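Required output: the full structure, derived from the provided sequences and hints.
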Amino acid sequence: MGRKIRVLIAKPGLDGHDRGAKVIARALRDAGFEVIYTGLRQTPEMIAEAALQEDVDVVGLSILSGAHMTLLPRVVEELRKRGLDDVLVIAGGIIPEEDVPALKAAGIREVFGPGTSTEAIVRFICDHFGVRPEDLKTVGETVIS
Amino acid sequence: MQDPGALFEGARAGDRRALARLLSLLEEGGEAAAQLSARLFPYTGNAHVIGITGPPGSGKSTLVNALARAYRERGETVGIVAVDPSSPFTGGALLGDRIRMQDVAGDPGVFIRSMATRGSLGGLARATREIIRALDAVGFQRIMVETVGAGQVEVDIAQAADTVIVVQAPGLGDDIQAIKAGILEIADILVVNKADREGAAATLHILRSMLSLGQPAVVRHHGRAMTIQRVEPSREGWMPPILQTVATSGRGIPELVEAIERHRAYLEESGEGEARRRRRIAEELAALARERLWARVVHQVGRARLDGLVDQLLRREIDLHTAVERLLE
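Chains A and B, in that order, give the protein sequences.
Position one of the first sequence corresponds to residue 3 (the working numbering), numbered consecutively onward.
Position one of the second sequence corresponds to residue 211 (the working numbering), numbered consecutively onward.
A few of these clues could be false.
Footprint (simulated), chain A over chain B, 3 or more residues, beta carbon under 8 Å [unchecked claim]:
(1) 228 to 241
(2) 297 to 305
(3) 310 to 316
(4) 411 to 419
Some chain A residues flagged as far from chain B (calculated, every beta-carbon gap over 12 Å) [what the hints assert, rightly or not]:
(5) Asp17
(6) Gly22
(7) Thr40
(8) Arg43
(9) Asp59
(10) Met71
(11) Pro75
(12) Leu90
(13) Ile96
(14) Glu100
(15) Ala108
(16) Phe114
(17) Glu121
(18) Gly132
(19) Arg134
Not the full set, but computed from the structure, chain A residues with beta-carbon under 7 Å of chain B [unchecked claim]:
(20) Leu16
(21) His19
(22) Arg31
(23) Gly34
(24) Phe35
(25) Glu36
(26) Leu54
Calculated directly from the structure, the hints in this document are not laboratory data.
Computed from a prediction, not measured in an experiment: that's the story for all the values here.
Just so it is clear, CB atoms sit at the ideal spot from N, CA and C, and this is done for glycine as well.
Next up, the structure:
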């Protein structure tokens, strides 16, 4: 069966719009990832706990509320507290350019602004794990192999 | 890669990260999974496994959430396995059952794991039973398994759970849907969820009449009372109760918990539980043996010869039975 790359898509904080998160979740599914979506209004603790239980490789955070400077580093902190140091953490949403360096310093590996193509996100994750996008698409178990 | 034995010890001692890693190893399959499975097998057989199945949108996840809360209030630990489908085209999956399980997601006495079917068609993933056993072996007392949205043939859950709950909701199908063979037959308990919605009474009525088809009944035909003999004996003395719930508000949940307890007691007292466990493990043994035998055949025959046989089949030069004979020569 082999390893599938598992991605948690989560929305920290209180904003009530998850269209962007759903678009990303769907695009990653179509790229061949196993995507776990946990819904709106997640605390950093809830996100880290879900990442732990689901043993994900990637945590994608979508945030529109403006609270990214407090919430995103706290998610990284909660992940580390649980020993999830090797999880790739990326973020997207409404995040001003000038905040990006500080977020990266806090452990967010990449920040994708509005207008980023979903292909770019897929490519970023693939590059990180050293796999080719076409290799993600394995359908179940082949009978003869 | 961590040593499987160390992972299991860690998980048994309550290390949730170790448990999560262990579940991934089991899901990946292969040699490490086989070793782990062997390691934890002696510790299994203690949990009560509850299967929750039913059509998409009937409220399975919300019901699991409500039941998990009830069990937590009773002081029991709860493991949850939630299965959603993999895309047949990309192998990708969107696993969204956790959205409805937020009430218990942060509870240290609850562990929720989402699984993609990865090509399995029976409503569960191939490794789901391994995952159930692992949760059992590390000490979870109740294990709830939510299948993919299932309608008719996705009945693998009957082979994996002690108590199967089939969830229906108003407005999802007519009475012919209800009497088709398949999913309703595996129900130990039937639940009409969203019972506050329009049409709930009709759904309840349909399910009742479907169940009573198996029982003798007196009907009036042109004014004369006639007894219709039951079509088949009811299953081993257990008549599946039909309950109404509103999982979002908790209405009907105490009654459901009680019905589950009654079924659990019935399984033990009647010997049916033992019979089911026996049937289940025998079938799992057969399935695993089939898989291994096939792998051995492929290995011995070789890929090239196998492809050659497939070519011959396509050209209609040989038939399937002959091809099998040649494989087994």
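Hints versus structure:
1. 228 to 241: holds (count 8)
2. 297 to 305: With 9 residues closer than 8 Å to chain A, the segment 297 to 305 of chain B meets the three-residue bar; holds.
3. 310 to 316: holds (count 3)
4. 411 to 419: violated (count 0)
5. Asp17: Fine: 16 Å to the nearest Cβ keeps Asp17 of chain A off the interface.
6. Gly22: Non-interface label stands for Gly22 of chain A: nearest chain B Cβ at 15 Å, farther than 12 Å.
7. Thr40: Per Cβ check, Thr40 of chain A is inside 12 Å of chain B; nearest 5 Å; violated.
8. Arg43: The assertion about Arg43 of chain A is violated, with a minimum of 9 Å to chain B.
9. Asp59: 10 Å, violated
10. Met71: 24 Å, holds
11. Pro75: Since the minimum Cβ distance to chain B is about 20 Å, Pro75 of chain A lies beyond 12 Å and the statement holds.
12. Leu90: 16 Å, holds
13. Ile96: 23 Å, holds
14. Glu100: Answer for Glu100 of chain A: holds, closest chain B Cβ roughly 33 Å.
15. Ala108: 22 Å, holds
16. Phe114: Phe114 of chain A is indeed farther than 12 Å from all Cβ atoms of chain B, at 19 Å.
17. Glu121: Check passes; 14 Å lies beyond 12 Å.
18. Gly132: Since the minimum Cβ distance to chain B is about 17 Å, Gly132 of chain A lies beyond 12 Å and the statement holds.
19. Arg134: 14 Å, holds
20. Leu16: 14 Å, violated
21. His19: For His19 of chain A, the interface hint is violated, since the closest Cβ of chain B sits about 15 Å away, which is over 7 Å.
22. Arg31: Nearest chain B Cβ about 4 Å off; hint holds.
23. Gly34: It holds, given that the least Cβ distance between Gly34 of chain A and chain B is near 4 Å, below 7 Å.
24. Phe35: Hint holds; Phe35 of chain A Cβ to chain B Cβ min 5 Å, cut 7 Å.
25. Glu36: 5 Å, holds
26. Leu54: 6 Å, holds
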